[in-house]
Amino acid sequence: MNKNLPKIVLIVQEFPVISETFIVNKFRRLNDCGLDVHLLCIRSNATSWSKFPDLASGRELRNRVHLSWPHRPRLLALALLPIALLRALVITPKTTVRYLKRGYKKFGMDIFRRFYLDSGLILLDADAIHFEFGSIAAGRMYLGELLDCKIVVSFRGYDLNFVALEDAHFYRDVWEKADILHLLGKDLWERAKKRGCPDFKPKVLIPPAVDTNLFKCEREITAGVGSLARPFRILSVGRLEWKKGYEYALQAVELLLERGVECEYRVVGQGDYLEALSFARHQLGLDGKVDFRGVRSQDEIRNEMIWADVLLHSAISEGFCNAVLEAQSMSLPVVCTDAGGLPENIVHGSTGFVVPRRSAAGLADQLELLACEPGLRRKMGKEGRQRAISRFKAEDQMAQFLAMYERLLRTDEHLSGEMAESLLAASQMK
Amino acid sequence: MTDKNGKSLRIVLVGISWPPETFIEGLIKGLIEAGSEVTVACDEKPAASWLPHPQFHWLHAPVWRGSMAARLVRTARMRTSVPSKGSNDIRRFKSHVRRTDGWRERVQAWHLLLPFAGLRWDIIYFPWNSAAISYLPLFELGSPVILSCRGSQLNIAPLDPMRSGLKEALQETFQKAAAVHCVSEAIMHQAAKYGLEPEKARVIRPAVDPQFFYPPADKLQTDQFWVTTTGTLTWPKGHEYALQSISNLRDRGINVRFNILGDGPDRQRMLYTIRDLNLEKVVRLHGLKSQEGVRELLQKSDVFLLSSLSEGISNAVLEAMACGIPIVTTDCGGMTEAVTDGVEGFVVPVRNADAITGALKMLWEDPQLRRRMGKAGRQRVEKSFSLVQQVDQFTSLYKQTAQASH
Numbered sequence: 001m002n003k004n005l006p007k008i009v010l011i012v013q014e015f016p017v018i019s020e021t022f023i024v025n026k027f028r029r030l031n032d033c034g035l036d037v038h039l040l041c042i043r044s045n046a047t048s049w050s051k052f053p054d055l056a057s058g059r060e061l062r063n064r065v066h067l068s069w070p071h072r073p074r075l076l077a078l079a080l081l082p083i084a085l086l087r088a089l090v091i092t093p094k095t096t097v098r099y100l101k102r103g104y105k106k107f108g109m110d111i112f113r114r115f116y117l118d119s120g121l122i123l124l125d126a127d128a129i130h131f132e133f134g135s136i137a138a139g140r141m142y143l144g145e146l147l148d149c150k151i152v153v154s155f156r157g158y159d160l161n162f163v164a165l166e167d168a169h170f171y172r173d174v175w176e177k178a179d180i181l182h183l184l185g186k187d188l189w190e191r192a193k194k195r196g197c198p199d200f201k202p203k204v205l206i207p208p209a210v211d212t213n214l215f216k217c218e219r220e221i222t223a224g225v226g227s228l229a230r231p232f233r234i235l236s237v238g239r240l241e242w243k244k245g246y247e248y249a250l251q252a253v254e255l256l257l258e259r260g261v262e263c264e265y266r267v268v269g270q271g272d273y274l275e276a277l278s279f280a281r282h283q284l285g286l287d288g289k290v291d292f293r294g295v296r297s298q299d300e301i302r303n304e305m306i307w308a309d310v311l312l313h314s315a316i317s318e319g320f321c322n323a324v325l326e327a328q329s330m331s332l333p334v335v336c337t338d339a340g341g342l343p344e345n346i347v348h349g350s351t352g353f354v355v356p357r358r359s360a361a362g363l364a365d366q367l368e369l370l371a372c373e374p375g376l377r378r379k380m381g382k383e384g385r386q387r388a389i390s391r392f393k394a395e396d397q398m399a400q401f402l403a404m405y406e407r408l409l410r411t412d413e414h415l416s417g418e419m420a421e422s423l424l425a426a427s428q429m430k
Numbered sequence: 431m432t433d434k435n436g437k438s439l440r441i442v443l444v445g446i447s448w449p450p451e452t453f454i455e456g457l458i459k460g461l462i463e464a465g466s467e468v469t470v471a472c473d474e475k476p477a478a479s480w481l482p483h484p485q486f487h488w489l490h491a492p493v494w495r496g497s498m499a500a501r502l503v504r505t506a507r508m509r510t511s512v513p514s515k516g517s518n519d520i521r522r523f524k525s526h527v528r529r530t531d532g533w534r535e536r537v538q539a540w541h542l543l544l545p546f547a548g549l550r551w552d553i554i555y556f557p558w559n560s561a562a563i564s565y566l567p568l569f570e571l572g573s574p575v576i577l578s579c580r581g582s583q584l585n586i587a588p589l590d591p592m593r594s595g596l597k598e599a600l601q602e603t604f605q606k607a608a609a610v611h612c613v614s615e616a617i618m619h620q621a622a623k624y625g626l627e628p629e630k631a632r633v634i635r636p637a638v639d640p641q642f643f644y645p646p647a648d649k650l651q652t653d654q655f656w657v658t659t660t661g662t663l664t665w666p667k668g669h670e671y672a673l674q675s676i677s678n679l680r681d682r683g684i685n686v687r688f689n690i691l692g693d694g695p696d697r698q699r700m701l702y703t704i705r706d707l708n709l710e711k712v713v714r715l716h717g718l719k720s721q722e723g724v725r726e727l728l729q730k731s732d733v734f735l736l737s738s739l740s741e742g743i744s745n746a747v748l749e750a751m752a753c754g755i756p757i758v759t760t761d762c763g764g765m766t767e768a769v770t771d772g773v774e775g776f777v778v779p780v781r782n783a784d785a786i787t788g789a790l791k792m793l794w795e796d797p798q799l800r801r802r803m804g805k806a807g808r809q810r811v812e813k814s815f816s817l818v819q820q821v822d823q824f825t826s827l828y829k830q831t832a833q834a835s836h
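For the record, the sequence lines run as chains A and B. Position 216 (the first sequence) corresponds to 216 in the numbering used here; numbering is contiguous. In the numbering used here, each residue carries its 1-based index in the second sequence increased by 430.
Isolated chain A (complex conformation):
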C-alpha cells in the first residue's frame, strides 16, 4: 500500500447490514482502489457477517472494520474509560492530546464522555471522516476541529425525510461545518436546502451504483401475459415499511384483476409492516395472488428479477432506490412513483413509468399498459439496461468518490502535492 495515501474513515451505525449492501460494496471498492480506507461502526453482529462470506473471510478487509466500545451500560463505559485513554495515549499521543486540549476548551469536563465515544476514531487518526448517513453526523462536527481532519456527510433519504422533522436546527452544525456534502441526487439536495442548508455549500451528487456485470440477464419477453395460464408477474423489492407504499401497490393489483388482467405479485423483503400488509392482502381479496417472500440474498433477488415482467416501486418516500437501479440493469421495465429521487433514477417513458405517489389507479394504468404490450416491455428493458451501463456503473461511481476525496483533501496543508497526485493516479487508474 502506498503510505502517502490519505486515511479515510467511513462511519456507520451498524455493519454489515444486508439492506445496506451498498455500504459494503463502497467500502470494498474503495479498498480495491488502493485507498487507505477504514470503517467504524457502533454495532455489528455475527449473523450479518455470515451473510457476506467473502467480506468475512478477507482478513485484510476485516481488519479495517472497527467496532466502537460499548457505551451501555454506563458503569461499564466508565470502567473502560481509563483503558481507552491509556490506549489512545500510547497509540496516537499527538492526536489524543490535541483532542483533549481543544475539547476541554470547548466542552469542559464533558470532553471525557465524548472522548470515550470518539476514541475509536481518535485511534485511527484519519485525514478525512465520512459519515455515511446524515442522522449520525448531526452534533458531531466538532470532530473536524478536534481531530484536525476533513468531514464528509452523506445524505441518503431517511436522514432528510424523517429524522428530527420537528427540530428546525437539527442539522445546523452540519450545514455550517461539514467540508463537503454528498447527496444521492437533486431531490435530496432540494430537501437539504429546505432544511436550512445554504445554497453555496460545497456538495457532490453521486447516485448509487449497480454492478452491471452481476445484474444482467438475457430476458425473454413472453407475449400474451395476463391470463390464468400465464399471469402478469409483478415484483417489488424493499423493506416492508409504510414508506414503501405497498398498500397502494396492492390496491393497484386489485384494480388490475378487476380489469381482467390476471396477475401474480411478489414482494421481497421483511419488516414491521408485514402485519398491515397481510391484513391489506386479505381485505382486498388478494390471498393467493400476492406472496410476501421475506428476505432474499442478492442471487435470489436476481432470480426474482428474471422471473418478473415488471418491477413495481410504490414508495411514498424514497432516497434513490437501489432495487430500481438493479431492475434497469436486469433489463426489467419499472413502474414507480415520483417519490424522492425516483424520477432521477428512471427515465419516464423510456426505462419505465413514473406516476404520482399514493395513487393506486395511476400505478394500475401503467402496469396494465405494460401487461398488454410485450414490445414496450422489451424496449423499456433494453433502454433500462443501457441507462444502467451509461449512468450507474460501479466503476464510474468510484471515480466520482475518489475525485470527491481528492477535492476534499487537495486544500489540506497536511496533504503534500505528492499525496494528491497519488490519489489522483488511483482515481484515474479505475
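If you are wondering where the hints come from, they were derived from the structure by calculation, not from laboratory data. These numbers come from a predicted model, not from an experiment. If a hint is listed, it holds; no wrong ones were tucked in.
A short, non-exhaustive set of chain A residues, derived as facing chain B with CB atoms under 10 Å:
id, residue
1, N161
2, F162
3, E166
4, W242
5, H282
6, F292
Now the stretches of chain B that chain A is said to cover, found in silico as 3 or more residues with beta-carbon under 8 Å:
id, segment
7, 664-675
8, 692-702
Yeah, the Cβ is synthetic: ideal placement off N, Cα and C, and Gly gets one too.
Following the hints, complete the assembly by docking chain B onto the known chain A.
Okay, now just chain B, sitting in the frame of chain A:
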C-alpha cells in the same frame, strides 16, 4: 348484583393495566354500583381513591420485567406466599408449565400464574383476547370464564404470518370460555371463523355517557370547516387516506381544518405525510387529550371523520355522535351498526380517499344536513348506546354465566 343466595358476585379482571381504558373504568364502577365485588389483577397499585372501597380489590400481578435476578427472586417469593389451599392449583399449573420450552419461559409462566393460585372468584373476566390466551391455565380453575372480543386482535393479528399458532389459541379460548362478549355483530361473525359458537356469544356494544358528551349550546359560525378525528396514530386507523381527502378538499378551495387527537407509533408517518401534502397549516396534531379536551374539540367541530381500515366498533364515533356532530366513517367492522349511511352521517368504502372527500364535501355544502345528521346521531346514542344499558347487559351476562355454571 347478587346470586340467588343473596351473596354478591365476585369478579376478577385479568390482563389489564392501571389506570385502565375509560370503558373498562366505566364498567368497573358500574359493576360495583350494581353490587358486585370486583378484583383487578394488575401490576400497578390503583390510586388511593379506589382502594378503600369495600367492593374493590387489587390483586398484585407483577409484569415480567427487571433484571433476571429480580425476576427469579420475585417468582420465588410469590411461590412461598401461595396459600396451602393453592396446592391443587400449583399441580394444575405445573402440567401447563411443563409443556413450555426453555427454563426462562417456564419461570415466566410461573411468574404469570402464581398470583392466582389458591384464589377463587365467581367469574374470571378477560377484557382482551390476548389476555385470555396468555392466561390459558386459569380456564382450568373451575370458575366460569368470560372474555371480550374487541377488534384488531381478531380482525388483524390472526392474519399476520409471523403469529403462527394464534388461530389455534383463539379457538381454544373460545372453546373453554363459558361466554364470549363481542363489541359488535361484525366481530361476532369474525370470532365465529375461529370457532366461537353462537350460543356462547353475546353482543354488547360499547357505550358513552351522554351526560358527559353533549352537544354545544350554540355553535360558533365560522368560515372554516372543522373536521376532527380521534384515535391512536397507528396504521389500522387509515389516517393517510384521511389526510389525502383533506388535501383534496383544500385543493377544491374549501377552508378546511383537520384536528387529529391521539398519539402513537405512526406520529412520524403523519408528520411526513402532512409535510408531503403541504398540509402544515391545515392539519393539527393535538396529541393525547383528556376526556374534557376531547369533548371541547368535538363540540367545536363540524364533522367527525373515521378513516379506519379495521374496527370492532369505534368509541370515538359514539362520543362524536353524542356531541351531536355528523359522522363520515369507513365501512369496516361494526361501524354500520352505529351509523346508517345517510342518517347519522355517511358510510364510505375503506381505502378510498375520493369517497371520503365526496362525503365531506356534501356536508360542507349543506349546514342543514349537518344539523339534521348531528341530531340523529345524538338520538341514536341516547337510545342505543347509553352507559346504563351497557352496564345492565354486562351484569346480566355475568349473573347468568355464574348461575349456569353452578
